[in-house]
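With the hints as your guide, set chain B onto chain A.
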Amino acid sequence: MGVRKAGLVRLGCMAAAAVITATACGSSPSPSGPTLQVPPTAKLAPPTSIGAGEGQLNLVLWDGYADKSWVDPFTAATGCKVNQHPAGSSDEMVSLMKDGGGGNWDMVSASGDADLRLIYSGDVKPMNTALIPDWTNFQTYFQSPPYNTIMGVHYGISLQWGPNTLLYNTKKFVNPPTSWGVIYDPANKGLVTIPDNPIQIADAALYLSKTKPSLHITDPYELTQPQFDAAVALLKGQQPLIKKYWALATDEISLFQNGDVTVGAAWPYQTIQLKLAGSPVDETIPSEGATGWADTWMLATKAAHPNCAYLWTKWVSTPKVQAEQALSFGETPVNSMACAQMEALQAGSCAQYHADKGQAYFDTIKFWKTPIAQCPDGTTVCVPYDQWVSAWTTIKG
Amino acid sequence: MSTEAVGRPRPKGGGAVPFRALLWRFPWLRPLLLLTPPMAWFVLIYLASLVLLLITAFWSIDPFTTQIVQVWNTKNFETILSDPTYRIIIGRTAGLAALVTLTDIVLAFPLAYYMAKVASRRVQNLLFAAVLLPLWASYLARVYAWILILNHTGVLNWSLQSIGLPAANIGYTNTAMWLVFSYIWLPFMIIPTYAALERVPDSLLEAAADLGARRWRTTLDVVLPLALPGVVAGSIFTFSLTLGDYITPILVGGAGSQFIGNVVYANVGIANNIPFAAALATVPIVIMAAYLLIAQRLGAFEAL
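Chain order of the listed sequences is A and B. Positions 1 to 397 (the numbering used here) are the ones given, in order, by the first sequence. Positions 1001 to 1304 (the numbering used here) are the ones given, in order, by the second sequence.
No wet-lab data here; the hints were simulated from the structure. Please read these numbers as outputs of a predicted model, since none were measured by experiment. Misleading hints may appear alongside valid ones.
[Stated by the list, open to error] Okay, derived cross-link-like pairs now, SDA-like style, lysine to any residue, Cα gap no bigger than 25 Å in a straight line:
id: 1; chain 1: A; residue 1: 236; chain 2: B; residue 2: 1183
id: 2; chain 1: A; residue 1: 171; chain 2: B; residue 2: 1169
id: 3; chain 1: A; residue 1: 172; chain 2: B; residue 2: 1085
id: 4; chain 1: B; residue 1: 1075; chain 2: A; residue 2: 390
id: 5; chain 1: A; residue 1: 98; chain 2: B; residue 2: 1052
id: 6; chain 1: A; residue 1: 98; chain 2: B; residue 2: 1251
id: 7; chain 1: A; residue 1: 314; chain 2: A; residue 2: 304
id: 8; chain 1: A; residue 1: 236; chain 2: B; residue 2: 1169
id: 9; chain 1: A; residue 1: 212; chain 2: A; residue 2: 376
id: 10; chain 1: A; residue 1: 171; chain 2: B; residue 2: 1174
id: 11; chain 1: A; residue 1: 98; chain 2: B; residue 2: 1090
id: 12; chain 1: A; residue 1: 98; chain 2: B; residue 2: 1062
id: 13; chain 1: B; residue 1: 1075; chain 2: A; residue 2: 380
id: 14; chain 1: A; residue 1: 236; chain 2: B; residue 2: 1091
id: 15; chain 1: A; residue 1: 236; chain 2: B; residue 2: 1251
id: 16; chain 1: A; residue 1: 189; chain 2: B; residue 2: 1197
id: 17; chain 1: A; residue 1: 189; chain 2: B; residue 2: 1033
id: 18; chain 1: A; residue 1: 236; chain 2: B; residue 2: 1082
[Claimed, not checked] Some chain A residues flagged as far from chain B (calculated, every beta-carbon gap over 12 Å):
id: 19; residue: 45
id: 20; residue: 76
id: 21; residue: 77
id: 22; residue: 89
id: 23; residue: 139
id: 24; residue: 140
id: 25; residue: 181
id: 26; residue: 213
id: 27; residue: 218
id: 28; residue: 259
id: 29; residue: 275
id: 30; residue: 343
Heads up, the beta-carbon is just placed ideally off N, CA and C, and yes, glycines get one too.
Same shape as in the complex, but just chain A (with noise of 0.2 Å):
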């Protein structure tokens, strides 16, 4: 049984309580097959022209994602004001986003965790690529990468992303590491940090679908129930070692300076920050390869400003405004052509981010997906979002 079939079948077991009882829903039969879903709005036809802007434009993103620097000149040359709602956490995206926005929200910049609720809740609708001329631009991966497109669908247009990086500090290290081994191990008792984050599993699945193959782990978001025990028994262990999850980017760089903790999970804006102030670190992608975000600006089903938002996104997509966000943000453009503005803004940034990196190094990364009870061969023994998020309260402790 689809998910989402499970959703409806509910939808409709709530309007029928009101008339008659709630009692007969509870067991609702399950007719399965091996049927990939396809999203509500899949048959909503994207425009194939951008109109005149309509004045405004109410984005849900994250904090710096519209920096006065790239708005304001957007903003001249269109006549679009932007709006913005700043969100703290991918499932508050989610959340603000239900209901395609309401007709309150325009877009999302909606990271791969989230991207999947997004599209199969019917909260955002099918881009046209079309209009967006910088995407035969952006790196192939992130053209049609899985968490945004669906059946050649494409349900928003990539934005950034950044690797999940090892961060370890080089007095104690004094060999790089090269395994994700090290935060797992009880000779670093108490001087270990990792992201409060769910998705967390998916990189300890990562680091058993190398070092475990008898759990045939494939992908770290698609775990059956015996491969995300296993990854959750690996964190579970590993917690006695944990100085502290950290929660905030700068959390994590106080920990480095104030000698807290000597080896974490990082993204590469935390390195930089640390040797910008001259911590002594370095930041590694281990050979067990590495998970990674990415980002999407996503269209509302009920936006109400799509002409601004259509120009909004081809803005954001130009080499220019690429380079100035990545740099802004900490993190690593999707359009190829951004490489050379990066250097002419600061020299050496290109390399710095990965920004020049081949499909070989894309190979390397799991880039964050919404984690699905439907598994890839179309049966639903996967474990969805929700046990992801109780089982990291388990974690923690």
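Then chain B, alone, in the frame of chain A:
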């Protein structure tokens, strides 16, 4: 008040009945008018939201879309009762709240006694200002200050090392949480304890002394029983404030430092599982209800 009590205004014949006369004719009107706004607030904002919380606790969410599914079930409560993780978290929260309360009683009582019975008026005022001074600064700033004190290269370890002692690694632990909570909520224990001690008549202490009771005997048999309602009133503050906190565990806690509030926060903010958050939120309500019942037996509400 007094004017009406003395000379009751008489309604004049003919014309509009003055408002005062209306109040005189219908004596129940005055309390009704005075109490309607607070009661409406209490019922609509306070009780209604609690009832909604309780109702939501018996619903669940669709795991994929995180929409609330309004089908009655007790699954959330079963999870809380059956999963050892939640028992540990509830135990940690209530245990630390109790420990913080005890610590604050031990720290507050001598100071409150000194302020109420020994200090001169001037010193008393100075101490009052000193006790209340931390409340002027932001809660967050004070917790962050403790991070700077307790972390690896912080003031504490620096001081220990400079006198030749080994470093204490208590940053990001439950010990750190105990210290910070005890510090943050101390004023809320000192003030009610002081208020209760001030009401103990000096004549009773003198009488005890006249009857040959030594200092300890007087403290145990005279002062403590009379001050107990104040101490219990203070403990309601320290206990409930610790029980409901989730910011200090985020900031100074380490691995294995989650409070009930953190799990509620994670379920609202990350998982969007509001029914489970509501179910878990009923736990501190039950704990506080039991606590208040005991406090009431001990006469705490007469000291507030």
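Hint check:
{"no.": "1", "hint": "A/236 to B/1183", "verdict": "violated (32 Å)"}
{"no.": "2", "hint": "A/171 to B/1169", "verdict": "holds (20 Å)"}
{"no.": "3", "hint": "A/172 to B/1085", "verdict": "violated (34 Å)"}
{"no.": "4", "hint": "B/1075 to A/390", "verdict": "holds (14 Å)"}
{"no.": "5", "hint": "A/98 to B/1052", "verdict": "holds (21 Å)"}
{"no.": "6", "hint": "A/98 to B/1251", "verdict": "violated (31 Å)"}
{"no.": "7", "hint": "A/314 to A/304", "verdict": "holds (18 Å)"}
{"no.": "8", "hint": "A/236 to B/1169", "verdict": "holds (22 Å)"}
{"no.": "9", "hint": "A/212 to A/376", "verdict": "holds (21 Å)"}
{"no.": "10", "hint": "A/171 to B/1174", "verdict": "violated (29 Å)"}
{"no.": "11", "hint": "A/98 to B/1090", "verdict": "violated (32 Å)"}
{"no.": "12", "hint": "A/98 to B/1062", "verdict": "holds (14 Å)"}
{"no.": "13", "hint": "B/1075 to A/380", "verdict": "holds (22 Å)"}
{"no.": "14", "hint": "A/236 to B/1091", "verdict": "holds (19 Å)"}
{"no.": "15", "hint": "A/236 to B/1251", "verdict": "holds (21 Å)"}
{"no.": "16", "hint": "A/189 to B/1197", "verdict": "violated (49 Å)"}
{"no.": "17", "hint": "A/189 to B/1033", "verdict": "violated (65 Å)"}
{"no.": "18", "hint": "A/236 to B/1082", "verdict": "holds (18 Å)"}
{"no.": "19", "hint": "45", "verdict": "holds (24 Å)"}
{"no.": "20", "hint": "76", "verdict": "holds (36 Å)"}
{"no.": "21", "hint": "77", "verdict": "holds (37 Å)"}
{"no.": "22", "hint": "89", "verdict": "violated (6 Å)"}
{"no.": "23", "hint": "139", "verdict": "holds (30 Å)"}
{"no.": "24", "hint": "140", "verdict": "holds (30 Å)"}
{"no.": "25", "hint": "181", "verdict": "holds (19 Å)"}
{"no.": "26", "hint": "213", "verdict": "holds (29 Å)"}
{"no.": "27", "hint": "218", "verdict": "holds (22 Å)"}
{"no.": "28", "hint": "259", "verdict": "violated (4 Å)"}
{"no.": "29", "hint": "275", "verdict": "holds (19 Å)"}
{"no.": "30", "hint": "343", "verdict": "holds (37 Å)"}
Hint violations for this structure: numbers 1, 3, 6, 10, 11, 16, 17, 22, 28, all remaining hints satisfied.
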